[in-house]
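Asker: Here are the chains, one letter per residue:
Protein chains: 2
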Amino acid sequence: MPSFSRRSEQIPFSPIRTMFRMADEIERAGGGHVFRLHVGDPDFAPPPRVVEAACEALRQGKTHYAPSVGLEELRAKLAEKARSRNGLAATTEQVIVTPGSTQALFASMELMLGPGDEILLPAIYWPNYVQQVLLIGARPRFYPLGRGYQPDLGAIKEQVGERTRAILLNSPSNPTGAVFPEATLRAFHDLALERDLWILSDEAYEDFVFGGAHVSPGSFERDLPEEKRRVFTLFTFSKSYAMTGLRVACIVAPSARAATMLRKVQEPLVASSGTPVQWGSLVALDASERPGIERMRDAYRRRRDLAVSILQPAGLADYIPEGAFYIMADISSTGLTGDEFALRLLREEGVAVAPGSGFALVPEYGPDGTLRAEPTSSGAPEYPTHPGARHRVRIAFCVSDEELREGLERTVRLVERLRHGTPAPAAARQTA
Amino acid sequence: MPSFSRRSEQIPFSPIRTMFRMADEIERAGGGHVFRLHVGDPDFAPPPRVVEAACEALRQGKTHYAPSVGLEELRAKLAEKARSRNGLAATTEQVIVTPGSTQALFASMELMLGPGDEILLPAIYWPNYVQQVLLIGARPRFYPLGRGYQPDLGAIKEQVGERTRAILLNSPSNPTGAVFPEATLRAFHDLALERDLWILSDEAYEDFVFGGAHVSPGSFERDLPEEKRRVFTLFTFSKSYAMTGLRVACIVAPSARAATMLRKVQEPLVASSGTPVQWGSLVALDASERPGIERMRDAYRRRRDLAVSILQPAGLADYIPEGAFYIMADISSTGLTGDEFALRLLREEGVAVAPGSGFALVPEYGPDGTLRAEPTSSGAPEYPTHPGARHRVRIAFCVSDEELREGLERTVRLVERLRHGTPAPAAARQTA
Numbered sequence: 413m414p415s416f417s418r419r420s421e422q423i424p425f426s427p428i429r430t431m432f433r434m435a436d437e438i439e440r441a442g443g444g445h446v447f448r449l450h451v452g453d454p455d456f457a458p459p460p461r462v463v464e465a466a467c468e469a470l471r472q473g474k475t476h477y478a479p480s481v482g483l484e485e486l487r488a489k490l491a492e493k494a495r496s497r498n499g500l501a502a503t504t505e506q507v508i509v510t511p512g513s514t515q516a517l518f519a520s521m522e523l524m525l526g527p528g529d530e531i532l533l534p535a536i537y538w539p540n541y542v543q544q545v546l547l548i549g550a551r552p553r554f555y556p557l558g559r560g561y562q563p564d565l566g567a568i569k570e571q572v573g574e575r576t577r578a579i580l581l582n583s584p585s586n587p588t589g590a591v592f593p594e595a596t597l598r599a600f601h602d603l604a605l606e607r608d609l610w611i612l613s614d615e616a617y618e619d620f621v622f623g624g625a626h627v628s629p630g631s632f633e634r635d636l637p638e639e640k641r642r643v644f645t646l647f648t649f650s651k652s653y654a655m656t657g658l659r660v661a662c663i664v665a666p667s668a669r670a671a672t673m674l675r676k677v678q679e680p681l682v683a684s685s686g687t688p689v690q691w692g693s694l695v696a697l698d699a700s701e702r703p704g705i706e707r708m709r710d711a712y713r714r715r716r717d718l719a720v721s722i723l724q725p726a727g728l729a730d731y732i733p734e735g736a737f738y739i740m741a742d743i744s745s746t747g748l749t750g751d752e753f754a755l756r757l758l759r760e761e762g763v764a765v766a767p768g769s770g771f772a773l774v775p776e777y778g779p780d781g782t783l784r785a786e787p788t789s790s791g792a793p794e795y796p797t798h799p800g801a802r803h804r805v806r807i808a809f810c811v812s813d814e815e816l817r818e819g820l821e822r823t824v825r826l827v828e829r830l831r832h833g834t835p836a837p838a839a840a841r842q843t844a
Numbered sequence: 413m414p415s416f417s418r419r420s421e422q423i424p425f426s427p428i429r430t431m432f433r434m435a436d437e438i439e440r441a442g443g444g445h446v447f448r449l450h451v452g453d454p455d456f457a458p459p460p461r462v463v464e465a466a467c468e469a470l471r472q473g474k475t476h477y478a479p480s481v482g483l484e485e486l487r488a489k490l491a492e493k494a495r496s497r498n499g500l501a502a503t504t505e506q507v508i509v510t511p512g513s514t515q516a517l518f519a520s521m522e523l524m525l526g527p528g529d530e531i532l533l534p535a536i537y538w539p540n541y542v543q544q545v546l547l548i549g550a551r552p553r554f555y556p557l558g559r560g561y562q563p564d565l566g567a568i569k570e571q572v573g574e575r576t577r578a579i580l581l582n583s584p585s586n587p588t589g590a591v592f593p594e595a596t597l598r599a600f601h602d603l604a605l606e607r608d609l610w611i612l613s614d615e616a617y618e619d620f621v622f623g624g625a626h627v628s629p630g631s632f633e634r635d636l637p638e639e640k641r642r643v644f645t646l647f648t649f650s651k652s653y654a655m656t657g658l659r660v661a662c663i664v665a666p667s668a669r670a671a672t673m674l675r676k677v678q679e680p681l682v683a684s685s686g687t688p689v690q691w692g693s694l695v696a697l698d699a700s701e702r703p704g705i706e707r708m709r710d711a712y713r714r715r716r717d718l719a720v721s722i723l724q725p726a727g728l729a730d731y732i733p734e735g736a737f738y739i740m741a742d743i744s745s746t747g748l749t750g751d752e753f754a755l756r757l758l759r760e761e762g763v764a765v766a767p768g769s770g771f772a773l774v775p776e777y778g779p780d781g782t783l784r785a786e787p788t789s790s791g792a793p794e795y796p797t798h799p800g801a802r803h804r805v806r807i808a809f810c811v812s813d814e815e816l817r818e819g820l821e822r823t824v825r826l827v828e829r830l831r832h833g834t835p836a837p838a839a840a841r842q843t844a
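Protein sequences appear in the order of chains A and B. For the numbering used here, count along the first sequence from 1 and bump the result up by 412. For the numbering used here, count along the second sequence from 1 and bump the result up by 412.
Keep in mind that the hints are not guaranteed to be accurate.
One copy or two, it doesn't matter: identical chains are merged, so the pair holds either way.
Straight line, CA to CA, 30 Å or less: simulated DSS-like cross-link-like pairs of lysine-lysine [as the list claims (entries may be wrong)]:
hint : residue 1 : residue 2
1    : Lys-474   : Lys-640
2    : Lys-569   : Lys-474
3    : Lys-493   : Lys-640
4    : Lys-569   : Lys-489
5    : Lys-640   : Lys-489
6    : Lys-640   : Lys-569
7    : Lys-493   : Lys-569
8    : Lys-474   : Lys-493
Source of the hints: derived by calculation from the structure; they are not laboratory data.
Work out the full structure: start from the sequences and follow the hints.
Answerer: Have a look at this one:
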């Protein structure tokens with residue numbers, strides 16, 4: 413067999429997807445029910461009107477290629493939403509519909525980054541970002557996060573070098589649930605203006621901010637002429653409408669020129685997005701669907717409160733997430749790493765969580781800028797982990813309150829056992 | 413605004429998509445009906461059982477993330493299909509479901525090619541291939557096609573150099589409709605074995621071969637041990653089931669190892685494919701859906717015959733396509749290039765066809781291997797064109813027989829006018 417490209421060998425696996433498979437395997441092997449606190453897939457259904465609109469499109473033969481940039485009707489409505497809700501200076505022309513926000517991120521990065529170019533990422537991040545940067549042959553640099561996973565603004569400027577081309581922002585954040593205040597976002601935008609950098613703003617969780625309003629960094633440049641703008645804003649239907657499996661998201665490009673370039677890049681990457689689901693998504697943007705989003709936000713806030721009420725007294729929560737539906741629980745008192753803890757939690761208590769390490773791999777480079785990473789037999793290199801995530805696990809609030817409570821109580825139970833050196837009860841999994 | 417990455421600037425636009433927009437613009441501007449012979453989007457509807465299965469999945473809440481590699485049930489059925497219909501040694505594990513075959517091609521190339529690596533492409537090719545190769549920073553080399561767009565086997569070996577890593581095969585071919593005989597495909601496979609190259613076999617049109625059976629090059633290595641295999645086979649639901657807008661295709665990787673690597677690359681590229689459409693696709697594979705495919709094949713064969721019967725007497729067809737639903741018409745007798753002809757045909761006769769040049773751009777490289785391509789104001793460089801396609805236009809058979817006949821008669825009418833130097837009738841478009 414010929415060899416694989418070096419970049420494909422060098423990218424890590426996504427730790428969330430790995431846990432996904434392990435949990436499935438346990439259930440398939442008859443290992444009992446698994447409490448799925450590892451995956452950020454809402455436990456709600458898409459709005460019924462969206463489902464019906466998608467079905468109607470399917471039945472009416474709206475099953476042909478959509479334009480590469482998406483259906484005109486959907487783009488117009490997304491532009492309107494980006495103007496009225498996010499304060500962007502968005503025209504229909506600037507909106508590109510994509511098959512999910514992962515794909516939107518990759519396409520945007522292809523536009524911004526060449527081999528050897530750098531992008532600033534938060535030190536604790538959604539793993540696909542680093543996979544994407546490495547696949548392009550670019551280099552991630554990490555900006556430090558302090559208390560409550562808020563960026564250390566003073567330290568960020570130092571990260572900007574000759575080859576830095578872009579800054580990634582993700583507020584509300586996956587995996588931390590941190591929401592960056594407007595002043596922080598403005599500081600990033602000022603820096604981008606000063607150093608002529610792109611901004612890639614992943615706003616997948618825009619609708620799930622628990623205190624105050626969501627701020628889109630693109631709104632800071634609404635009054636600038638197009639040629640001065642630099643923010644690519646990503647929105648998705650996945651989280652706001654519980655439509656993860658339908659694969660519809662969008663990019664709002666900062667200018668018509670940038671949108672033309674994006675369209676060109678999308679042709680070889682995906683050709684186009686699904687047509688019936690775009691007709692469904694059109695309906696999701698109706699004002700009548702806002703209360704549904706608000707009900708989901710209330711549920712996530714309630715679960716966040718529930719999680720904190722269980723984790724904090726047990727010494728497992730040292731901050732309160734202000735958005736999204738995650739918390740990075742601190743399990744350092746157990747003496748285990750997040751990876752070890754997650755494995756034992758799955759095996760002994762039937763609870764799946766995502767190890768923190770996967771959100772904090774730190775690729776290392778030699779003095780000549782070459783990525784130091786040799787694949788192991790697993791198919792990916794072993795990357796070192798940022799210490800701030802080594803003893804953490806990410807818990808997602810995408811199960812019912814009851815499941816969440818039970819899963820967290822089991823988590824605390826394992827923590828207690830580990831702290832006191834008590835062995836796992838015999839056949840713990842079977843009696844669970 | 414910061415600058416765009418060099419690769420994103422250097423890739424060309426897809427000419428098909430450009431024609432798509434121009435045709436839309438003419439109709440929107442009230443320019444009358446356009447005969448759409450430019451796009452390979454079947455004029456049929458997906459099988460009703462597929463539509464109903466997708467709707468049922470939507471309504472039953474099968475709307476969550478699918479695994480990155482696709483639904484287990486669909487992969488198993490695709491593997492069975494690849495074994496029984498294509499003669500591949502395919503296990504479920506080797507099958508990766510993708511959101512369309514464009515995406516499948518890009519992911520496969522990411523696995524095979526690094527910057528500076530080379531891939532052999534047919535000299536007349538589907539444009540996204542070159543966009544993909546250039547976006548990865550790899551280099552296309554072209555193997556010559558002779559009479560009826562059949563490869564010149566003697567000349568192919570000469571194209572293989574130190575950096576050559578892969579060969580792309582596309583039989584039946586878009587845009588030519590050529591079907592490579594088994595002996596030709598075997599010669600390619602022998603060469604790949606001899607020089608340790610990957611093969612990327614795009615079999616989007618496998619079900620539309622008019623004489624004899626479709627041959628999958630992967631079948632040549634069914635009895636080889638996994639580590640000797642090298643063929644990535646791409647199948648799609650788009651053409652066989654008229655499901656272009658649903659975005660479901662798959663890759664059959666040559667080994668479990670290659671599939672693991674593909675899964676890893678798919679995480680940052682797309683995360684996963686749409687879930688409800690995968691449930692729909694599952695039904696498409698039932699034996700009861702074969703007659704529907706055969707009816708479509710009969711329709712395309714009938715239209716191919718119709719097209720040849722009109723184009724050949726007019727001196728516009730110098731070969732007979734044996735598969736897919738395209739013909740590369742020869743308009744050299746008009747003295748115009750394909751681009752000039754296509755523009756006049758659209759304006760004067762309301763017929764959209766795809767200029768041949770877009771299927772034959774030839775990126776040029778300097779002696780140091782650097783791509784010579786500077787973007788123009790359009791957002792893409794102007795690439796030279798292979799002479800074999802300069803005076804050609806691609807005609808697709810994806811409209812009714814009546815539309816096809818009328819569109820082709822109008823095409824012949826323009827050709828006659830051009831040959832005799834007759835001016836276009838006044839208001840030709842309005843009276844048409």
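Asker: State for each hint whether it applies.
Answerer: Taking the hints in turn, this is what the structure says about them:
{"no.": "1", "hint": "Lys-474 to Lys-640", "verdict": "neither (39 Å within a copy, 43 Å between copies)"}
{"no.": "2", "hint": "Lys-569 to Lys-474", "verdict": "neither (49 Å within a copy, 45 Å between copies)"}
{"no.": "3", "hint": "Lys-493 to Lys-640", "verdict": "within (22 Å within a copy, 53 Å between copies)"}
{"no.": "4", "hint": "Lys-569 to Lys-489", "verdict": "neither (37 Å within a copy, 53 Å between copies)"}
{"no.": "5", "hint": "Lys-640 to Lys-489", "verdict": "within (25 Å within a copy, 52 Å between copies)"}
{"no.": "6", "hint": "Lys-640 to Lys-569", "verdict": "within (20 Å within a copy, 51 Å between copies)"}
{"no.": "7", "hint": "Lys-493 to Lys-569", "verdict": "neither (33 Å within a copy, 56 Å between copies)"}
{"no.": "8", "hint": "Lys-474 to Lys-493", "verdict": "both (24 Å within a copy, 27 Å between copies)"}
Violated hints, listed in ascending order, are 1, 2, 4 and 7; each of the other numbered hints is respected by the structure.
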